[in-house]
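Given the structure of chain A, go ahead and fit chain B onto it with the hints provided.
Protein sequence lines, in the order shown, are assigned to chains A and B.
Start counting at 1 in the first sequence, then tack on 1, and there's your number in this note's numbering.
Start counting at 1 in the second sequence, then tack on 1, and there's your number in this note's numbering.
Just so you know, not all the hints are guaranteed correct.
Repeated chains share a single entry, so a pair holds when one copy, or any two copies, can fit it.
[Claimed, not checked] Keeping only pairs whose Cα atoms sit at most 16 Å apart, straight-line, the calculated EDC-like set for lysine to aspartate or glutamate is:
1. LYS226 to GLU181
2. LYS299 to ASP253
3. LYS140 to ASP166
4. LYS226 to GLU86
5. LYS180 to ASP148
6. LYS189 to ASP166
7. LYS160 to ASP134
8. LYS21 to GLU84
9. LYS77 to GLU98
Simulated from the structure, these hints should not be mistaken for lab results.
Listed here are the chains, written in short residue letters.
There are 2 protein chains.
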Amino acid sequence: MSVLIVGSTALDSITTPHAKNPRLLGGSASHAAVAASFFSPVRMVGVVGDDFPRNYLKLYRKHKIDLEGLQIVPGKTFHWAGEYEVNMNNRRTLATELGVFESFTPRLPEAYKDTEYVLLANIAPSLQHHVLDQMRRPKFIAADTMDLWLNIALQDLLKLLKRVDCLVLNEGEARQLTKEHNLVRAAKAIHKLGPAYVIVKKGEHGAILSSQAGMFVSPAYPLCKVIDPTGAGDAFVGGMMGYLAAAGGAVDGKLRRAMIYGSVVASFCCEGFGLQATTKATRARIDSRVKELEALTKF
Amino acid sequence: MSVLIVGSTALDSITTPHAKNPRLLGGSASHAAVAASFFSPVRMVGVVGDDFPRNYLKLYRKHKIDLEGLQIVPGKTFHWAGEYEVNMNNRRTLATELGVFESFTPRLPEAYKDTEYVLLANIAPSLQHHVLDQMRRPKFIAADTMDLWLNIALQDLLKLLKRVDCLVLNEGEARQLTKEHNLVRAAKAIHKLGPAYVIVKKGEHGAILSSQAGMFVSPAYPLCKVIDPTGAGDAFVGGMMGYLAAAGGAVDGKLRRAMIYGSVVASFCCEGFGLQATTKATRARIDSRVKELEALTKF
Numbered sequence: 002m003s004v005l006i007v008g009s010t011a012l013d014s015i016t017t018p019h020a021k022n023p024r025l026l027g028g029s030a031s032h033a034a035v036a037a038s039f040f041s042p043v044r045m046v047g048v049v050g051d052d053f054p055r056n057y058l059k060l061y062r063k064h065k066i067d068l069e070g071l072q073i074v075p076g077k078t079f080h081w082a083g084e085y086e087v088n089m090n091n092r093r094t095l096a097t098e099l100g101v102f103e104s105f106t107p108r109l110p111e112a113y114k115d116t117e118y119v120l121l122a123n124i125a126p127s128l129q130h131h132v133l134d135q136m137r138r139p140k141f142i143a144a145d146t147m148d149l150w151l152n153i154a155l156q157d158l159l160k161l162l163k164r165v166d167c168l169v170l171n172e173g174e175a176r177q178l179t180k181e182h183n184l185v186r187a188a189k190a191i192h193k194l195g196p197a198y199v200i201v202k203k204g205e206h207g208a209i210l211s212s213q214a215g216m217f218v219s220p221a222y223p224l225c226k227v228i229d230p231t232g233a234g235d236a237f238v239g240g241m242m243g244y245l246a247a248a249g250g251a252v253d254g255k256l257r258r259a260m261i262y263g264s265v266v267a268s269f270c271c272e273g274f275g276l277q278a279t280t281k282a283t284r285a286r287i288d289s290r291v292k293e294l295e296a297l298t299k300f
Numbered sequence: 002m003s004v005l006i007v008g009s010t011a012l013d014s015i016t017t018p019h020a021k022n023p024r025l026l027g028g029s030a031s032h033a034a035v036a037a038s039f040f041s042p043v044r045m046v047g048v049v050g051d052d053f054p055r056n057y058l059k060l061y062r063k064h065k066i067d068l069e070g071l072q073i074v075p076g077k078t079f080h081w082a083g084e085y086e087v088n089m090n091n092r093r094t095l096a097t098e099l100g101v102f103e104s105f106t107p108r109l110p111e112a113y114k115d116t117e118y119v120l121l122a123n124i125a126p127s128l129q130h131h132v133l134d135q136m137r138r139p140k141f142i143a144a145d146t147m148d149l150w151l152n153i154a155l156q157d158l159l160k161l162l163k164r165v166d167c168l169v170l171n172e173g174e175a176r177q178l179t180k181e182h183n184l185v186r187a188a189k190a191i192h193k194l195g196p197a198y199v200i201v202k203k204g205e206h207g208a209i210l211s212s213q214a215g216m217f218v219s220p221a222y223p224l225c226k227v228i229d230p231t232g233a234g235d236a237f238v239g240g241m242m243g244y245l246a247a248a249g250g251a252v253d254g255k256l257r258r259a260m261i262y263g264s265v266v267a268s269f270c271c272e273g274f275g276l277q278a279t280t281k282a283t284r285a286r287i288d289s290r291v292k293e294l295e296a297l298t299k300f
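Only chain A is shown next, with the shape it has when bound in the complex:
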């Protein structure tokens, strides 16, 4: 089965205490699509400008990502610049240049409209709505979001929650959305807003899944060195959705393992700048880390 991924496609300039990396391939759709590509065919919807490096298109193609839904339009590609502090947990934005992303309207090629697994990666909720408006009968829809949309597009987001099966967000966002500090209670409050599945990402501490079938406490793969965590959350949800699409059928009973696969792809993501380490992963290396995680959590 294919997975449809809609989100941002960007150039990221990332500074850490150890290095400066201008104009890396980035954006929520890029990270999620490459992550998903290890498991299933990916259809990507996004927009880039005519300045978008050709070798980045080549990289998408190397991962067999269907680019019929990628608009290439005159103007500049969305550019984000950020800087990480020494501990790699805190980052600040240095620049956000929306470029062609400012007037982006996701248009789904006819062939995409029947895709059964849909990942609305992090973009404005109004664009996520617009994608769903074009879909026929998706089987499973997951949406990622960020604090920005809680701040400036809350009503759109609340409406979106009625239309998706799964919401993925981080701890701080779960607390902000529900005004609940306790994450177990925050997840319960989010169910009442719509999604049957709620996944709260906790970075290096893993993630928790809440659903009717109960909770799942998912570990993160312990890393000796984090080079650049940008996109790790997108890689997590991308890997998860790719795994689910490959498995096919109902997600219950598969979502836990899908999260573990997502965690492992996210761990590769953190080991290099931008997509540098993710693109060097292979299905065999991913399977091997999943086995390690099994051993690391057994008691």
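For chain B alone, coordinates are given in the frame of chain A:
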């Protein structure tokens, strides 16, 4: 098998946004001893003043804690007062009155000196040394510590690390001790200081164990409501050591499960002020939460 527990025995006055609770039974040894008592006989070493409430002695006895090593001396019992912020993660100390604890010298009754499992709960490293000086041939020694000792008694602590099998400390302390932000690397650095087993506590995010046999990522039991986290770390290590002592023999292959049992006792600890919820736990309720944790982490 018995477990020997040495640490502080105190009266805690705890304020949260919801309640004020003066002079609760507290201290690292009290929390650890009650936690361990669900699994094995406990020998406790500590000191209290003549103001120590009789019903707290009764509570120790109800848990069959051997009090031959508890000194009751003229003067005031160690008193700590603290206040938690709304999210229950940050706390500040309002008062610390050492009382009889200031001149405490742990003296081991003859019968205690052969105990095979020893928990040096959080007290000054010099006192932890003094306990080990009196022991014959303990099989497994775990030491807990806190940032205070890293700040004012680092040399004593470093010497202690050469004498213990297992060091238990929290994330911030592991980073402070090793100057390593990454916890995997921090644990490796601590091994070089002595302990074959390093356990890093991460509160609501669980704990990690590092040893020659590899790492173990231990989950925390997810709680809907945290009433008072004071002593949860002591309950964790106490429960763990009680479980190990009950199992007997070498700890390898048992330590993971021991940590899970410790986590579960710590979860009860958080559900009431001081020891109020811990003392209401039973072995059956503990076993039931361990089963829940098995289900919560299966993938």
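Status of each hint after checking the structure:
1. LYS226 to GLU181: Only across copies: LYS226 and GLU181 sit 11 Å apart there, 32 Å inside one copy, limit 16 Å.
2. LYS299 to ASP253: Close across copies (14 Å), not inside one copy (22 Å); limit 16 Å.
3. LYS140 to ASP166: within (9 Å within a copy, 53 Å between copies)
4. LYS226 to GLU86: Answer is within; shortest intra-copy Cα gap is 15 Å, inter-copy 33 Å.
5. LYS180 to ASP148: within (13 Å within a copy, 32 Å between copies)
6. LYS189 to ASP166: within (14 Å within a copy, 42 Å between copies)
7. LYS160 to ASP134: within (13 Å within a copy, 67 Å between copies)
8. LYS21 to GLU84: within (9 Å within a copy, 43 Å between copies)
9. LYS77 to GLU98: within (9 Å within a copy, 65 Å between copies)
The earlier numbered hints are all upheld by this structure, with none contradicted.
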